[in-house]
Amino acid sequence: MAKRTLFGAVATLLVIAAAYANFFVAPTERTMGLIQRIFYFHAATAWAGEMVFFLCFVANLLYIWKRRDQYDWLGVACAEVGLACITIVLITGPIWAHPVWGIWWTWDARLTSTFVLWLLYVSYLLLRTLIEEPGRRALLSALFGVFAFLDVPLVFFSIRWWRTQHPAPVIMGGSGSGLDPIMSKVFFFNVFVMHLFAAFLIVERYILEKLRHDVDVLQREAGAQ
Amino acid sequence: MSLLSNTSVLLGKELRTEFRSRELLITTCVFIIIVLVLFSFTVNPGTEQARQFAPGLLWLAILFAASLMFQSCFLREQVNDTLSSLRLAVAEPFSIFLAKLVANTLFLLLTELIMLPIFAAFYNIPVLPNFPVLVLVLFVGSLGIAVTGTAISAISAQARMRELLLPLLLLPLLTPVLVVSSIVTAGLLDRDPVVQWRGIAFLGVFDLIFLTALWLFGQYLLEE
Amino acid sequence: MTATTLPPTGLRFDNIDKRYGGLYALRRVSLEIAPGECVVLAGRNGSGKTTLLRIAAQIVLPTAGELMFPGAAPNTPNGRPGYVAHATMVYDELSAEENLVLFAKLQNVDNPAARAEDLLREVGLFERRDSLVRTFSRGMRQRIAIARALIHRPSVLLFDEPATGLDPLGITWLAHVLREMHRAGGTILMSLHGESEISAFATRAVHIDAGKIIADTNTGGASLHSILTFGAA
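Protein chains in written order, with my numbering: chain U, 1 to 225; chain R, 1 to 224; chain A, 1 to 233.
Same shape as in the complex, but just chain U (with noise of 0.2 Å):
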């Protein structure tokens, strides 16, 4: 218990430490000025909702192969903490466009596969609720979660290939390409601290579901009886 409190310490004051690189460290960007900012927090936030998808989709596979519990209480949280990273990205991306492009949303191959991404975890979640028996929600959630993960890529290159025609602005890209030297220090911190932190969420999205399964255990043998 003591372990966990220290690390989700450790991780919020990162997440301070990392705030306040972003206005008071990095350098104001010469051409955006100070919307630029919340690109170190976005682009690390991004990055961090990949790897966690990435995790849940491992998750899914282990739990179709090995039917253990852990795997499915591992997959729910990483799509949970992913949904909520990728909402924040879905969120501080048109923040930082508008002013600097002057459109809220446009439907480029990064965008679009992020917001089906986002539509797919929801899906996923809302499948997880609809169904009761917990060894059915698991495996059915599961295969749902590969299905989504072979998709995403997919959704990807169709838009890439297809659709951006004519040259947009690239909103979400040029992370770390001639990136000032201090500016890429504070962006690279970012993205530990935002993986930590999403790491921290997880373990306690995973106890707490651990903790479900243990009540609901206790709850149905007592109804046994």
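Please keep in mind that the hints were generated in silico from the structure rather than gathered at the bench.
Glycine included, every Cβ here is placed at the ideal spot set by N, Cα and C.
Take the hints with a grain of salt, since some may be wrong.
What the hints assert, rightly or not - With the C-beta cut set under 8 Å, the calculated list includes, among others, these residues of chain R facing chain A: (1) Val-9; (2) Lys-13; (3) Thr-17; (4) Arg-20; (5) Ser-21; (6) Arg-22; (7) Gln-71; (8) Val-79; (9) Asn-80; (10) Asp-81; (11) Thr-82; (12) Ser-84; (13) Leu-88; (14) Val-90; (15) Pro-93; (16) Glu-224.
To be verified - Some chain U residues well away from chain R (every beta-carbon gap over 10 Å; in silico): (17) Ala-2; (18) Lys-3; (19) Ala-148.
Place chains R and A on chain U using the hints.
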């Protein structure tokens, strides 16, 4: 080879059942007509604007129709628990899926071909130039819709609110199919038609990936 | 029923567990049924009878433990058990004959059309062979369900409360079917409520409660009668 023989026997059953009542085909055709009519209220039919939007609207109508059509796919096996007797009888569980997805592709394609003249009339778009390629595009697109639709139908049949759940799970997955199919179809129906083989190949890859996934994981979808 | 003798096949459950979430439907169930035995499974509703039968039918996979059919030749149609439950497991939109031919073909039965016809005559549905199953009465549905289960000449038969909803005539007919199977050397496992014409020729009874076997006439200490009537309580 037991997979092929089981699949052909089951496919025969699927086709016989549907062509006896034709209820699925008829209701799906009517639904697509309604959707195409409704869409035509949102654009000015016969104009350049309509010509631009029509292929996308056609595929949108097909997607919506598919998410209705596939509802019954595994639900009809629950009525008398025939899924259990099928699982007992077949040597290869994948044959159950293969038969259903082939049947679903055929039903979808048949519906589309019936709808094509109506679509051409509503939006004033000639569909006969490059007709074989158009059928090919309809086929690879419909196959992708059927493969994912059959898998998702197996999933949603085991959950609550299945009528709403199936489109919710299926439609986001089919984004690539919608994007590429409508662009390739638009190219074919343009005043200066162009055949985008790359797009057709992409749809083929989509089909292959999900067919493989269904082959690998299908048996788990049927488990109890 | 069929004049041919069936290859002797037993049924063995080895430490079977079946878990649904946190709840165990079956807990370390071990049961050995010898070829040719006719075993009645008795127990309250929810005791695990249906789960055990569905595991034997290989429709449900056990969470732990093994299921074996000692004596079954691998990859032959009659290695697979015949399973009859409350649902007919045939298609309402197909005719009786179409259903039987379908299941015969799927299981690689020789001469499926002839086999289907034979079975229809034996269950007394030959006159209605072209009628859709949707039009059948409960008794007729039970007959077509049994025909479907027997189409591949299984050595092992699994029945889940087969007498439910049958009138006395139907029950007599069912008892006749079971007697013929037993005579041909088939192994039968069936779940029943109470004593009846059907339980009359059972050779053994097993009492299951809360997912565990609590009595077995084989191990002594309980008689057929006591298990059957206790189970009906």
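The hints, checked one at a time:
{"no.": "1", "hint": "Val-9", "verdict": "holds, 5 Å"}
{"no.": "2", "hint": "Lys-13", "verdict": "holds, 6 Å"}
{"no.": "3", "hint": "Thr-17", "verdict": "holds, 5 Å"}
{"no.": "4", "hint": "Arg-20", "verdict": "holds, 6 Å"}
{"no.": "5", "hint": "Ser-21", "verdict": "holds, 7 Å"}
{"no.": "6", "hint": "Arg-22", "verdict": "violated, 12 Å"}
{"no.": "7", "hint": "Gln-71", "verdict": "violated, 16 Å"}
{"no.": "8", "hint": "Val-79", "verdict": "holds, 7 Å"}
{"no.": "9", "hint": "Asn-80", "verdict": "holds, 5 Å"}
{"no.": "10", "hint": "Asp-81", "verdict": "holds, 4 Å"}
{"no.": "11", "hint": "Thr-82", "verdict": "holds, 5 Å"}
{"no.": "12", "hint": "Ser-84", "verdict": "holds, 5 Å"}
{"no.": "13", "hint": "Leu-88", "verdict": "holds, 6 Å"}
{"no.": "14", "hint": "Val-90", "verdict": "holds, 6 Å"}
{"no.": "15", "hint": "Pro-93", "verdict": "violated, 11 Å"}
{"no.": "16", "hint": "Glu-224", "verdict": "holds, 5 Å"}
{"no.": "17", "hint": "Ala-2", "verdict": "holds, 40 Å"}
{"no.": "18", "hint": "Lys-3", "verdict": "holds, 36 Å"}
{"no.": "19", "hint": "Ala-148", "verdict": "violated, 7 Å"}
In summary, the numbered hints that this structure violates are 6, 7, 15, 19.
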